[in-house]
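J.: Spelled out from the first residue to the last, the chains are:
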Amino acid sequence: MTAVMELPLLPELLSLPRPAGWSGLRAQAEQALEGQGWPSTRMETWKYTDLAALRQLPVRPGGARTVDIGAMILPEARGSRLVFVNGRFDPHRSNTCNLPAGVRMLSLAAASEMARELGSLAGVQADPFANLNSARFQDGAVVIVPRGVAVEAPLHVLFVNDQPEAESAAGLGATLPRLLVVLESGASATLVEEYRGSGPGLTCAVTEVLLRADANLEHERIQREAPQAFHFSHLAVRVARDARYACRTIAFGGRLSRSTPHVVLAEPGAQVVLDGLALLGDAQVADTHSFIDHLVPHCTSRQTHKTIADDAALVVFNGIIYVRKDAQGTDAQQQCRGLLLSPRARVDAKPQLEIYADDVKCAHGAAIGQLDPEAMFYLQSRGLRPALARNLLTYAFASDLLAGVLVPSLRRQLRQTVLARTNAENLESLS
Amino acid sequence: MLSIRNLTARIGDNDVLKGIDLDVKAGEVHAIMGPNGSGKSTLGKVLAGHPAYEVTGGQVLFDGRDLFTLAADERARAGIFLGFQHPIEVPGVSNASFLRLAYNKKAEADGREELDPLEFDDFIQEKIRRVKMDATFLDRSLNEGFSGGEKKRNEILQMCVLEPRLAILDELDSGLDIDALRVLGEAVTGLMNPERALLVITHFPRILETIHPDQVHVLFAGRIVRTGGMELALELESRGYDWLKAEATVSGRA
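So the sequence lines, in the order shown, correspond to chains A and B. Just so you know, we're using this note's numbering here: the first sequence kicks off at 1 and counts up by one. Just so you know, we're using this note's numbering here: the second sequence kicks off at 1001 and counts up by one.
If you're looking for bench data, these hints aren't it; they were derived computationally from the structure. Where is the CB? At the ideal position from N, CA and C, for every residue including glycine. Don't take every hint at face value.
As the list claims (entries may be wrong) - Listed next, with one range per pair, are the computed distances between beta-carbon atoms:
#1 A:D372 / B:E1054: 12 to 22 Å
#2 A:P343 / B:D1134: 38 to 48 Å
#3 A:A363 / B:T1136: 30 to 40 Å
What the hints assert, rightly or not - Computed footprint of chain B on chain A, listed as stretches where at least three residues anywhere in the stretch have a Cβ under 8 Å from a Cβ of chain B:
#4 326-333
#5 392-399
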């Protein structure tokens, strides 16, 4: 980088005393942060995502709160839920009574030795927000599924950032959620990692997922924080031999959100599906910088990223699929599709294949545009007014990706949100 | 019901319709035949209000109203239905939901009761029997992954649900096997009554064996060059279109 030293990143948080545990990881992260400071739009990976608004806001650690999570409960995960409010484990709203023998869902504070893998995937990062998390996270969740165990009920990890509006003058309430997920050989599970919030919040999250051989994880990552919130989340995944990792990241909330999934196909036969959906309006910004790393031969990856931008929203997608020299027989596909609903909305999409092996099957594409006029005409020819036809097609564009959500109550909730966000009140029957 | 006078239309710089005159009365079935590129599909799309086609002249009255003052969706609610040659796939919206939405929009326009999902479920069962559609197609996304024939079946199902006064069917027969063609032909015929009319656009006379037309028109180079009865369709089957092309060219020079 340049010799120009950036101002230190969020000193309000970094100057807090170092929490107990993981001192090695924290020391490394602190050291990395010393040279990092605030990212600027002069950096390639931050070119379109301007943090100027965030830099002007004061930040403070989010205080302790109690939150009514009634509307956030997924009935399917009634006995397999961990809840964190403003970075603190909430044992009264968590419930893990319905876990098969040997399956662990714990707060990090209670996990001790079981969380020894923490930091092994997301150690020092290029992303300073991830390093900030490593340096100062207070608590977090650990999920461990032992060898050969198939967990029926979805595992729900809910991180709430709840900040009182009244204190917005005091700045953004910050939380640093941390999540470690380990599926041992042949284990399978569905994980819902969800970020909710209200009021002016700042979330810097890091999630690590370790899938051993033949493991199978369906991972839903849902970000529906408050409209004035800032959200940064880094995801680091390692997929071992013949294991399958399917992840869907859905972003509705936040004034500015950035997701940086980094998925390594580490052993032959690994399969990855990394899908994303961002549905934005007003002046929201959602940035995805993904990296899918094909290290070894005969792995498969599929990535579909869909975005809908209305009003003056900005969507940034930069997806790198990296196929290393030894990764012969790689089968990788990447699709980025964006829908612009307003002349002021913008999508900056950069699908990227970097291939260093010669025997591979790779394809990528990006299609950004308006609704298909032929589809509009088709619906209008059936008597739907233009506004309704437009809403229906917008809903359909998003809903298509939601069809794969395996938890029925979550799928319904998400579809309701999409219905509401596409102004499709007379489409309620469609959900 | 439908009165077309000297209709001309183009897409881009291409003049496709060059003066169409046609009268369709309630209770009548008309067939529009003609070779590829003669303007048959364009006529259907212009009548349904496709925005890519520009009407450059002439007049069309539907029940005495100037059709071109109505947008595509208004025409549909007024009772015009276009069965597409290539129906559009809409992933993410279930066929049943879409059918109910379309039905309720039409019902609203007609001042009839809208149907809730349970009522509609009863209503649709009889319709899918009529077109012999497997009920699983109701839960699938609209036309997504349907074969050509299944899409056509779905078009006729939509027609059965909407019960249009004027249905324009564009190449219903393409992609259909003989049995499916008979089933759908019978479904279409079953919807006919003295209040309704049908305009069937086709290359091949076979469909006309189940949908008996009152009149057969041959369209060539944007004009109707001949009108007759079923015997004209059969003559086209045995002789092809070339003799008509030759005739049209000669009369065009005269």
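J.: Could you run down the list of hints and mark each one as holding or not?
T.: Results for each hint:
no.: 1; hint: A:D372 / B:E1054: 12 to 22 Å; in the structure: holds, 20 Å
no.: 2; hint: A:P343 / B:D1134: 38 to 48 Å; in the structure: holds, 44 Å
no.: 3; hint: A:A363 / B:T1136: 30 to 40 Å; in the structure: holds, 31 Å
no.: 4; hint: 326-333; in the structure: violated (count 0)
no.: 5; hint: 392-399; in the structure: holds (count 7)
Violated hint for the displayed structure: number 4, the only one.
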